[in-house]
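Chemist: Below are the chains, spelled out letter by letter.
Protein chains: 2
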Amino acid sequence: MKRPQAVTDLVDELKKLPGIGQKTAERLSFFMLRGTTERAEKLAQAIQNVKAKIILCSVCHGITERDPCDICQGPNRDHTQVCVVEEPHDVYVLENMGQYKGVYHVLMGVISPLDGIGPSELTIQQLKEKVEKGGIQEVILATNPNMEGESTAVYISKVLKPYPVKVTRIARGLPIGSDIEYADTVTLLKSLEGRSEML
Amino acid sequence: MKRPQAVTDLVDELKKLPGIGQKTAERLSFFMLRGTTERAEKLAQAIQNVKAKIILCSVCHGITERDPCDICQGPNRDHTQVCVVEEPHDVYVLENMGQYKGVYHVLMGVISPLDGIGPSELTIQQLKEKVEKGGIQEVILATNPNMEGESTAVYISKVLKPYPVKVTRIARGLPIGSDIEYADTVTLLKSLEGRSEML
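So the sequences go chain by chain: L and W. Numbering-wise (the working numbering), the first sequence opens with residue 1 and increments by one. Numbering-wise (the working numbering), the second sequence opens with residue 1 and increments by one.
These aren't lab readings, by the way, just hints derived from the structure by calculation. Please read all numbers here as calculations on a predicted model, not as lab measurements. Backbone N, C-alpha and C define an ideal beta-carbon position, used for all residues, glycine too. Wrong hints could be hidden among the right ones.
[Said to hold, decoys possible] Partial chain L-side listing against chain W, Cβ under 10 angstroms, derived:
{"hint": "1", "residue": "10"}
{"hint": "2", "residue": "19"}
{"hint": "3", "residue": "20"}
{"hint": "4", "residue": "24"}
{"hint": "5", "residue": "37"}
{"hint": "6", "residue": "39"}
{"hint": "7", "residue": "44"}
{"hint": "8", "residue": "53"}
{"hint": "9", "residue": "114"}
{"hint": "10", "residue": "140"}
[What the hints assert, rightly or not] Listed next, the stretches of chain W that the computed footprint assigns to chain L, with coverage defined by at least 3 CB atoms under 8 angstroms from CB atoms of chain L:
{"hint": "11", "region": "6-12"}
{"hint": "12", "region": "61-71"}
Just need the whole structure built from these sequences, with the hints factored in.
Modeler: In structure tokens, the structure reads:
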């Protein structure tokens, strides 16, 4: 006896999501089956809603409900400072901080030859054109401090070399609340290299 | 700047699923955002479909598209043998095996005082009534071989004690392909206790 087709269909769709395999997809499906119809309906509508309402900002490639996005249109944002991030959600991680007043540029990924993602798959060309147009004083490279993020940062800094713009990289070092004893050597090295004078 | 409401809504709905926290919900949301509308629509419809089409069988409490389910209605199934499982999907795990010809009874969970789930939250009363009605020769307790599953099995075997029905428990032992060297002591003990004569 096979399980009902509707369940198999849902499992198959859930399996297409990242990090969700057969077992997790089955667990989620059966959870939805056991829950109320109202709850499942809410989830289905939230999925449809997000695709209907959310678009990518034509300026920064971040997600938004109107184009250009609220940040790119913001009157109090400093358009001379551009923070380059990998993914749209990185924008909101930085926004949560509440300190950054510049604008963003979302790469839509990171250079990763193993996954077949080269510079042309990202929005690096658009970033270059923005810088070419002028008006930008600083490009802050806030890609992730891992292998792909670091090499993407190096690549972008080389691309922007010919232009009169300051290119900076976010500090890599020991996180607040951590312990030197447990720090890995690469982080410790970066933390030493990036040391600043006590004021 | 806050992220768009539609994204927050989707994250909130995804977070209600088991094993999905804030970070995973955000990751899944942004994955859906980046994917095609068609793909998101398929997932949304699969969720709605599963709630619209799938019901619980009034006989075995398994999931089905018609009541009673195909297994309970099956002409080739042995209705004297009832396999008791925790969750609806356990039925299909056992069905995949292709060997079991009896019917099922889904408990809809397991006795777990820590989660506030007592025997009355499960379908143990319905199982008792089925046995009382007669016609059942064997009840196979196929709850999970963990603390909750074992104690639920013990509880059910006590409930069914007064009735002239054979109550059995699935074998706990070393899985095929495993190595005695790496077996945990409880499994090894169960494997010894459940030893059978070589034929």
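Chemist: May I ask which of the numbered hints given earlier this structure violates, with the numbers listed in increasing order?
Modeler: Numbers 9 and 10, in rising order.
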